[in-house]
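Protein chains in written order, with our numbering: chain G, 1262 to 1650; chain Y, 21 to 363.
Heads up, some of the hints might be wrong.
As the list claims (entries may be wrong) - Pair by pair, the computed Cβ-Cβ distance ranges are: (1) L36/Y to P1466/G: 46 to 56 Å; (2) D271/Y to P1466/G: 27 to 37 Å; (3) I90/Y to H1278/G: 55 to 65 Å; (4) D271/Y to Q1347/G: 38 to 48 Å; (5) Y1276/G to N181/Y: 34 to 44 Å; (6) S152/Y to V1511/G: 45 to 55 Å; (7) P1411/G to D271/Y: 32 to 42 Å; (8) V182/Y to R1421/G: 53 to 63 Å; (9) Y1276/G to L36/Y: 52 to 62 Å; (10) G96/Y to E1321/G: 26 to 36 Å.
Unchecked claim - Under the rule of at most 27 Å between Cα atoms (straight-line distance), these lysine-lysine pairs were calculated in the DSS-like manner: (11) K1442/G to K278/Y; (12) K1391/G to K282/Y; (13) K1283/G to K1329/G; (14) K1450/G to K1413/G; (15) K1527/G to K1264/G; (16) K1450/G to K74/Y; (17) K278/Y to K1392/G; (18) K1564/G to K1525/G; (19) K1450/G to K1417/G; (20) K278/Y to K1391/G; (21) K278/Y to K1433/G; (22) K259/Y to K1324/G; (23) K282/Y to K1433/G; (24) K1324/G to K74/Y.
Simulated from the structure, these hints should not be mistaken for lab results. Where a beta carbon is used, it is the ideal one built from N, C-alpha and C, also for glycine.
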Amino acid sequence: MSKLIETIDLVTNFYTHEGVVKALDKVSLCVDHGCTFGLVGESGCGKSVTVRSMMRIIQEPGKIDGGKVLFYPGNNGSETAIDLLQQSEATMKALRGDKISMIFQEPNSALNPIMSIGEQVAESFLFHRKKEMSQQILMDMDASISKANPLKSILKALYRLAATRPEALILKLFSKTPLLKSWENRLHKEAMRRAVEIIAKLSIPHAQDIARRYPHNLSGGMKQRIVIAIALACNPLLLIADEATSNLDVTIQAQILDLLKDLKQKVISSVLLITHDLGIVAETCDRVGVMYAGNLCEVADVKDLFSEPRHPYTRALLNAVPRFAHEGELESIEGNVPNLVNPPSGCRFHPRCRDAKSICKDAFPESTKVGNNHQVACFLYTEKSREKS
Amino acid sequence: MTTYIIRRFLFLAFVLFGVSVLIFSILMTFSPERRAMAYVKSPQQVKDLPIIVKQLGLDDPFHIQYFRWIRQVSSGNWGYSFVAAMPVWDAFWYYFPITLELNLYTIPIIIIFGIWLGTVSGIHRDTWVDHSTRIFAIIGWSLPTFLFALIILMFFYGYFNVFPPGIIDDGFNVWIRENPDQFKRYTYLYTLDGLLNGRPDITLDAISRLVMPVFTQVVVVVAILLRVMRSSMIEEISKDNAITALAKGADHHTIYFKHARKNALIPVVTVAGWLAAYSMEGSIAIEYIFNRQGIGWWLANAAISLDLPVLMGICLFFGLVYVIINLILDILYAYIDPRIRLN
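Using the sequences and the hints given, assemble the complete structure.
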């Protein structure tokens, strides 16, 4: 499988008043075309920061301080890679929502409370599909049988311009001026029509009616579907689901996950799923990355990870999850998540690690290959591999 | 939406009733003799106080007096103001246009300027733009109105002889009073009447006298609005729905002005309405220092000399102002926020 997006040694810091929060420390992960990648870890371990860094939507006072985010929009390997961190904001703006889009954790706050559902979904089309929509409007206008009048020819000229050069200065000028900006009405109508279409596609009943409503009229599950509709509007290559189901109750959660699975087969190429629920990972993902305190400790295919967890943290995490055949008390991981202003030296997990050795305190373990597509950042394995060689 | 507005109107009537009862209750805390004093013109009459009380029914039960008062108030009899030496109703229409004229310029400037500065300051948080607006806000908010007014009066009028105090030039005033047929008082606002009568020089003079009181009031009052707008804007920009918009591919301009600002306006509308009402009451300091005899000036004088009919009339008027502004706010809320519209 070829790569779709890859981060190399991604470093993101938050410059707060208490000090620099080292939220991400050299995170390298890779999502392939057609793959569902699960990113798991405790809250605050940097899962969300990772994906937000990938989309470059880190909020103040956060800053991406190093590394690369390589994006391969074509299907043919590394020669078309672009480093998203080097791109202009305008390029990123064009990519976000079009090629890479994101679903958020809290559907209640992810939608703007004072904009109608339709408007919010239609925005995606207005941002990314102006050209196509203008072309379609031109075709519709040509097809209509009403008589030509000067107003119509002006409109036509505007849409012709919008279909070829949507960034033209005169269009911006027109869109900013009161009254004149009504030339966009057809564009808005077309975007709304497409919005209703995509809402209906997500098996939401009465799409036309829903589009006219406001977020507070809908249930949590419904809102999350709308958030998904917004993300899917432009058929993205990568859909990032940032704890998309964590705040929904279990039945809705199952529905949303089924919907995502279904959509992945039909529409989207790859999914990057962030969750702290290992059950969801086991059920939906192809590959899994385990994060701890801003480090990626282990990446493996989902079966390998569950059958042969290598990193002490992964093992501890799996032991803390109830299973059917489980008897007795669940194990918990001793200690607390470290404060990332002053993270532990060396391996960030060593204060809580049962297998910690002296070297863990002093040096940071490099990621090593321990099996087929299985990588671990732990000294237990680097030394073993050293001994063998 | 229409039912919502109708309901608000009905509510308005109830509130006005409540306000009038409250105001009347405050009046009733004075003894009948004290209230009868308002009718005493000469020291000899003081011994007739019990007769006046009986004649006017000042010792009747509360509700009888209240309804008698309400009947008179609604028929336009608001009593006699000895401060203004004319009936309260007439005096009100004499003083009110002066306060109104000041506020007609002040309130829009406060609202537009406050929202604009707050937005800019919120967007460019912790930059020099933000710091300077905040310093401006702190100065405006912490400097006493009378001090600020005196300083700028001394500076502009005292040293440069521009922007004189008062309402209108004395020469114009005399001419207007002597030629009522040449200068018709359509609105009782000098700036507008000057234009309507084809006398732009009068308008200009009135405006030059408005500059400093308007400026003072804006600087003093805008600080609150600005700070509320700023913090509300900062909150909205960092909210999840702004990030959703960013992830959707929105540029920052769209996020700030389409997504964040409308949300940020909701708390600001409340404050703006409150400030407008506050400003309509007429700032006593400004009206005294710039020698504009408006509602605030009248109220201050009436309070000092316990001119009860004036106090009651003005309180009722303030109640009305608050109720009307609340009505406007309610309609604005419903316009901005669909969550309010529907229930």
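Consistency of the hints with the structure:
Separated by about 47 Å at the C-beta atoms, L36/Y and P1466/G satisfy the suggested range of 46 to 56 Å. Hint check: D271/Y to P1466/G, Cβ distance near 34 Å, so the stated range 27 to 37 Å holds. The given range of 55 to 65 Å is respected by I90/Y and H1278/G, whose C-beta atoms sit roughly 59 Å from each other. Separated by about 19 Å at the C-beta atoms, D271/Y and Q1347/G break the suggested range of 38 to 48 Å.
At about 53 Å, the CB distance of Y1276/G to N181/Y disagrees with the hint of 34 to 44 Å. Look at S152/Y against V1511/G: about 53 Å separates their beta carbons, and that is inside 45 to 55 Å. For the hinted restraint 32 to 42 Å between P1411/G and D271/Y, the CB-CB distance of approximately 33 Å keeps it satisfied. Checked against the given bound of 53 to 63 Å, the beta carbons of V182/Y and R1421/G, roughly 56 Å apart, stay inside it.
In this structure, Y1276/G and L36/Y meet the distance hint of 52 to 62 Å, their C-beta atoms being roughly 55 Å apart. For the pair G96/Y and E1321/G, the beta carbons lie near 60 Å from each other, so the given range of 26 to 36 Å is not met. Taken as a hint, the K1442/G and K278/Y pair is honoured in the structure, with Cα atoms around 15 Å apart against an allowance of 27 Å. Under the criterion of a C-alpha separation no larger than 27 Å, the hint pairing K1391/G with K282/Y is consistent with the structure, at around 24 Å.
Of the supplied pair hints, the one linking K1283/G and K1329/G holds, its CA atoms being roughly 17 Å apart against a limit of 27 Å. About 17 Å separates the Cα atoms of K1450/G and K1413/G, which keeps this hinted pair within 27 Å; it holds. Only pairs whose Cα atoms come within 27 Å are accepted, and K1527/G paired with K1264/G is accepted, the gap being roughly 19 Å. The hinted pair formed by K1450/G and K74/Y fails the criterion: a straight-line CA distance of about 75 Å is larger than 27 Å.
Among the hinted pairs, K278/Y with K1392/G is consistent with the structure: their alpha-carbon atoms are about 22 Å apart, no more than 27 Å. A C-alpha spacing of about 20 Å is found between K1564/G and K1525/G, which places the hinted pair at or below 27 Å, so the restraint holds. Between K1450/G and K1417/G, the direct Cα distance comes to roughly 16 Å. Compliance with the 27 Å bound is thereby established for this hinted pair. Using a Cα cut-off of 27 Å, the hinted pair K278/Y and K1391/G holds, with the two alpha carbons roughly 18 Å apart.
A C-alpha spacing of about 16 Å is found between K278/Y and K1433/G, which places the hinted pair at or below 27 Å, so the restraint holds. Restraint check: the Cα-Cα separation between K259/Y and K1324/G comes to about 18 Å, which is no more than 27 Å; the hinted pair holds. For the suggested pair K282/Y and K1433/G, the alpha carbons sit about 21 Å apart, so the restraint of at most 27 Å is met. In summary, the hint linking K1324/G to K74/Y is not supported, as the alpha carbons are separated by about 82 Å, beyond the 27 Å threshold.
In summary, the numbered hints that this structure violates are 4, 5, 10, 16 and 24.
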